Structures are given as structure tokens and as C-alpha cells.
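Read off the chains here:
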Amino acid sequence: MAHSGGDSIGEIPYRPVFVGAMKEELDALLGRYPTKMAALLPTLWMVQRERGWVSEEAMVEVAQVLELTPAYVKGVVTFYTMYHQHPVGRYFIQVCTTSPCGACGAEKVVETLLDKTGCGDLGATSPDGRFTVIEVECLGACGFATPILVNDEFIESVTPEKVPQILSQFK
Amino acid sequence: MGYPHKTHPKETPILSKYFGEPQARTLEGWKQRGGYRALQQALGMTPADIVNVVKESGLRGRGGAGFPTGSKWSFMKPGDGKAHYLCVNADESEPGTFKDREIMRWTPHALLEGTAIAAYAIGAEVAYIYIRGEFTEPLRVMEAAVKEAYDAGILGKNAMGSGQRIDVHVHRGAGAYICGEETALMNSLEGRRGNPRIKPPFPAVAGLFGQPTTINNVETLAAVPHILNNGAAWYKALCLSNPKSTGSKLFSVCGNVSRPGNYEVTMGFPFKDFLYDLCGGPLPGRKFKAVIPGGSSVPIQTMEEAEGTLMDYEGFVAKGTMLGSGGVIIFDDSQCMVKHIARFARFYAHESCAQCTQCREGTAWTTKILERIEAGGGTMQDFDTLLELADNMTGKTICVLSDSCAAPVVSGIQKFKHEFEAHITGKRCPYRATAAA
Chain A
1 MAHSGGDSIG
11 EIPYRPVFVG
21 AMKEELDALL
31 GRYPTKMAAL
41 LPTLWMVQRE
51 RGWVSEEAMV
61 EVAQVLELTP
71 AYVKGVVTFY
81 TMYHQHPVGR
91 YFIQVCTTSP
101 CGACGAEKVV
111 ETLLDKTGCG
121 DLGATSPDGR
131 FTVIEVECLG
141 ACGFATPILV
151 NDEFIESVTP
161 EKVPQILSQF
171 K
Chain B
1 MGYPHKTHPK
11 ETPILSKYFG
21 EPQARTLEGW
31 KQRGGYRALQ
41 QALGMTPADI
51 VNVVKESGLR
61 GRGGAGFPTG
71 SKWSFMKPGD
81 GKAHYLCVNA
91 DESEPGTFKD
101 REIMRWTPHA
111 LLEGTAIAAY
121 AIGAEVAYIY
131 IRGEFTEPLR
141 VMEAAVKEAY
151 DAGILGKNAM
161 GSGQRIDVHV
171 HRGAGAYICG
181 EETALMNSLE
191 GRRGNPRIKP
201 PFPAVAGLFG
211 QPTTINNVET
221 LAAVPHILNN
231 GAAWYKALCL
241 SNPKSTGSKL
251 FSVCGNVSRP
261 GNYEVTMGFP
271 FKDFLYDLCG
281 GPLPGRKFKA
291 VIPGGSSVPI
301 QTMEEAEGTL
311 MDYEGFVAKG
321 TMLGSGGVII
331 FDDSQCMVKH
341 IARFARFYAH
351 ESCAQCTQCR
361 EGTAWTTKIL
371 ERIEAGGGTM
381 QDFDTLLELA
391 DNMTGKTICV
401 LSDSCAAPVV
411 SGIQKFKHEF
421 EAHITGKRCP
431 YRATAAA
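Those protein sequence lines, which keep their order, are chains A and B.
Counting along the first sequence from 1, when you hit position 41 you're at 41 in our numbering, and nothing is skipped either side.
Counting along the second sequence from 1, when you hit position 64 you're at 64 in our numbering, and nothing is skipped either side.
Don't read these hints as lab results, they were simulated from the structure.
Where hints are given, some of them may not hold.
[Said to hold, decoys possible] Label pairs and their in silico Cβ distance ranges:
1. A:14 / B:280: 51 to 61 Å
2. B:280 / A:24: 46 to 56 Å
3. B:243 / A:64: 17 to 27 Å
4. A:21 / B:377: 51 to 61 Å
5. A:21 / B:303: 31 to 41 Å
6. A:21 / B:28: 29 to 39 Å
7. B:81 / A:19: 39 to 49 Å
[As the list claims (entries may be wrong)] A few chain B residues facing chain A, derived, Cβ under 7 Å:
8. 93
9. 156
10. 160
11. 187
12. 190
13. 258
14. 354
15. 358
16. 364
17. 365
18. 425
19. 429
All values reported here derive from a predicted model rather than from experimental measurement.
The C-beta atom is built at its ideal place from N, Cα and C for all residues, glycine as well.
Isolated chain A, as found in the complex (with noise of 0.2 Å):
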């Protein structure tokens, strides 16, 4: 995942995300629906791709793309967890303690993802930039648990013995 973004909330100013190839893929995407508006989610997918997250800037580029207000995209960003609305390390870890999970033991997972990855808190980003770690509600991998995904690298059936290895793979 690149995190090359330039946006943020200061001196920087802001690259539009939607140009040359982006704006290529942005047309094509279009041409599936019969609204402008039903590309959001899509188009915000791209955002995230190319950025690392869908920062007010970036929200109000896709509203002017998109032809709708930054309200409206603010409105649909936050209701979907996946968006991140700042920036987050590297590898971003998301884990599941649903109930299936957290009765095969996805608590000692957290906990040892926590400690291995420097972050010590949920949501925290290691002190190295590389990673977060958040929990997450049934990731849809309830007979491999616990199942993590790291980026959009899905890994099933972690316990805490395994971690150190899959967090190797992550530099």
C-alpha cells in the first residue's frame, strides 16, 4: 500500500488524486453505474489506495469529482469503518475478536500483536511508523481463528505463538 501521500493538515499543499491515470480509472468507474453518486465508495477506495487514508482535503476533491457536497462525502466516510480519517502505520492490522474468535482465544492474539509491534495500544501507531493494531468485529473467517488482516493481506488461524513470524514478513 503506497503512503507516499503528500496531503495533511499543514504546510504541504494538497495533491489532487484524481489526475492522469487516476482520473482514467475514475472515468472508466463511472461508466458502471447510472449516478455519479454510487461511484463514492469506489472512488474513496482509491483515495485510501493511493494516500494511506481520505483525509478533508482528499473528501472534498471526490465531492467536486464526484459532483456532491464534502458534507455528504464526510457523512458516507464516517459511517464506514474501513476509511481511515488519518494517517496510520504502514501495516495496518485489523483483528477479530467477535465472540467464535474471541472463544478460541483472539484476546491473547490482540494482546501479543500489541506487545510484538511496539504499538501498546488499540489504535496507536508504533513509534517506527510501522504498524497499527485494531480490533475488529467477525472478519467473516470464523472457522480459521483468530484470522487478521494486514493491509489487504488476509491471514487465517494466528495464535499468539505465530505472531513474531507474520510480523517478520512486514518490514
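Please build the complex by placing chain B on the supplied structure of chain A, with the hints as guidance.
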């Protein structure tokens, strides 16, 4: 071939026959296994004839509600001059359920073929497959399969040379359990917050983009090609108990059990054999204590109830619960039921879209009370409060999310009241010391 376990001799592997077989994922591999014959056949039939075959087969929705699929399709009136849409519900998020994930991962073309047949049968030129955002691998596999199908002329303006336009697009969700509710899914697809809509109007009248829409679950559509290939009578004959429940059904099994995974059995299969034979029974030295057989939204069963159940829509109802999505969650004697019921309540509180007061407030209050009981701070009055809350959360909201939160609470208090009482009188969780590591 099974996944992750080998197919058990008592299974009926129809949908799951090629799970675990990577070659079945490709268009070429799928065609070698008889793929797209059913679509070819369907495109030579009238839509009404297809609907009749599906009606005759007895196929019912596999997403949870069990509505007869052919009847649902017949609500779409041909020649009304409107754009029709098909939505495929691949937002599988019901705790305990992971069957659609395996269908998409291993047999993406089975879903595409069923989708194309359904689209044609309901007069839709466009279908959207709405896949939950966390299903990164199924998304990749489905997108690759869609591309293959377009490149081969199976989908597109002239599907398989029939002159019929069938476009199928994969649409990625972004993390919201409620988007599995059909009208919330449509709102989400339209680029809105995933709030369920008040019905009526029903989707067949005014659904996606305000147009007549049918929405089907992944497993339902994956069964359709088999019905066309083998005939309605063949499908109808797959029945071990009540004739209103036909065909095979995938059950996802998780929790404290020897062999978690997906199993496909004929409707009406004995639950006892399923739990102890197919799934291998409890973990060594443990005993099963409770089962939630149809995803977290259905009432909890005691083992006595579960062991007398026949696995079909009517069989689960007869034993105080529902077939639901077929997500079987098993808890053994090391587990604290209060803790798990509280955790389910927390799930629903987190996933409430917050439109309806009864749900927004009810799920949150229920969670707080249950967590307080679990932590040792409960009182005997909490039972009345919880049951009154549950009553106010049942049948009084736009969708059934709050009902789903209430179901495990009410059934949990009914069937495992002694565990709640032990927490209250002992002022602590009696399972803390022995909880599984």
C-alpha cells in the same frame, strides 16, 4: 474435495465439490467441470420458464430469511419499460458464517454463472456483486473471474452470442455489517450511508436506483446452475425431512470444535451426526455446552435441543431457533455464556446504524448491563430490565438488527440463567480462572 478438510462421506458436495481445487477457479478449469452449460441453456429458454424451474426446485434463499427464490424472481414484471437490477449479496458478515467466502474463493464462476442466469430471468441487464470490504481475496478472485468472462464473451453486450446484454460489476463495501440487510446494501451501492429503508416499497417495486430490483445471496445463486443442469426434480429430491426444505446447504462451523470448516449436507440432515461425526465433536477433554446454529442472530440452543434437531428451515424452528445463514457457533464447557452473550451484544451495538431509537439505545444499554453482570456487578433486577429492553427491541424497528441483538439475550437468559445467577451471587465471573487460553 473438501476445504480445509477432505469431504466427509456423509456430505453432499454440490456447491463445495471443488473447494480447495485451484484449477476450478479459472474459466478454462470451470468449463472443464461443466461450467457455463447451464447459462447457455438458460439463454435459450424464456425468462418465465427459468423462473418456473427454480420455483419447482423448491430453492429458498440461503442468506437467512429462506424466502422461495423462484417466487422472489416472479415479482419482477417483464416489459414494464423500467431498468431492472440484480444485486448479489456477498456482504457475508454474520458472525459464524463464512460459506460465501469459500464459494467466491474457490468457484467464482459458479457464482457468475448463477448471477447471469438470474439477471436474464428477472429482465436485468446489470448485476452488482456487493462484496464486504474485508474479503480481499474473494474480491481479487471475483474480479479476475469477471474479467475472464468478459474477455470470453460470456458477459457483456452479447452474452454467449445470445444478443442479451448481461453486465456484472463487483462493488466493494467498506466495513459495515448492516449493509448485508438488503435495502441498506442498495443504499450503500448508491453511494449513501448504509441505512436500511422502510418497506414498502419492496425492492421488486423500487429497489436499487429506485428501479425494480432482486437481491439474492451468493449461495442461492451458486445453486442455480446445478438446478438447470440436473433438473428441478433432482434438486427437490435432495431432502431428508420436510419437503419445504430442498437441496443441499453449506454450514460453516466454528468455535470450540475439533474440525471447524464448511460442510455441505442435504436439507434435513441430523444435527447430532453433523456435530459429532462430520465436525469431529468437542476438543479433547471437553463437552459441548451450547450451539448457535444459524449465525449470531438466531436463538441459542442447549445441546439437548441441538441433538434432536433436523437441519432444515422447519427443523431448526421446531427446536426453538432458526437455520439463518447456516453459521454454526459452538461453545464448550470451558466458556462463559454471559461473556459471549455480552460480546454479541457489543457486536450489535457497534454495528447499529443508529436510525431507530430502540436499536441505537437498546443495543448499547443491553451491552452495558451484560458487561456489568459479567464483571460481577449485576443484580437480580437486571433480568427484568434486560427482558424489557429485549421486548422493546423486537419487531419495532426498520430492520431486524435490534431483534438479532435481543435473540441471544432472551434465549441465553432462558437457557443459561444459572450462569447469570452465578455471576450475580458470586460477584465475579466463575469462568475467569478456567477460561481457555
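Report task. Mind checking the CB of residue 160 of chain B against every CB in chain A and telling me if the closest is under 7 Å? Result -> 21 Å, violated
**Report entry** Assessment of proposed distance window 51 to 61 Å (beta carbons of residue 14 of chain A, residue 280 of chain B)
**Finding:** 56 Å, holds
Query raised in the report: Are residue 156 of chain B and chain A close enough, Cβ to Cβ, to be under 7 Å, as the hint says?
Result: Since the shortest Cβ distance to chain A is 13 Å, the answer is violated.
Query - Hint check, residue 425 of chain B versus chain A [nearest Cβ-Cβ separation less than 7 Å] - result: Where the cut-off is 7 Å and the nearest Cβ of chain A is about 24 Å from residue 425 of chain B, the hint is violated.
Query - Outcome of range test on Cβ distance (residue 21 of chain A, residue 28 of chain B; 29 to 39 Å) - result: 30 Å, holds
**Report entry** Pairwise beta carbon distance, residue 21 of chain A to residue 303 of chain B, judged against the given window 31 to 41 Å
**Finding:** 58 Å, violated
Report task. Classify the hint on residue 364 of chain B as holds or violated, based on whether any CB of chain A lies nearer than 7 Å to its CB. Result -> 15 Å, violated
**Report entry** chain A contact restraint on residue 358 of chain B - CB to CB distance below 7 Å
**Finding:** 20 Å, violated
Requested in this report: Let me know if the C-beta of residue 190 of chain B comes in closer than 7 Å to any C-beta of chain A, holds or violated.
Outcome: OK, holds: residue 190 of chain B within 7 Å of chain A, min 5 Å.
Query raised in the report: CB of residue 81 of chain B to CB of residue 19 of chain A, is that within 39 to 49 Å?
Result: Holds, since residue 81 of chain B and residue 19 of chain A (Cβ atoms, about 40 Å apart) stay within the stated range.
Query raised in the report: Taking the beta carbons of residue 280 of chain B and residue 24 of chain A, is their distance inside 46 to 56 Å?
Result: 52 Å, holds
**Report entry** Minimum beta-carbon distance criterion (7 Å), residue 258 of chain B to chain A
**Finding:** At about 12 Å, which exceeds the 7 Å cut-off, the nearest Cβ of chain A leaves the hint on residue 258 of chain B violated.
Hints 3, 5, 9, 10, 11, 13, 14, 15, 16, 17, 18 and 19, counting from the list given before, are not met by this structure.
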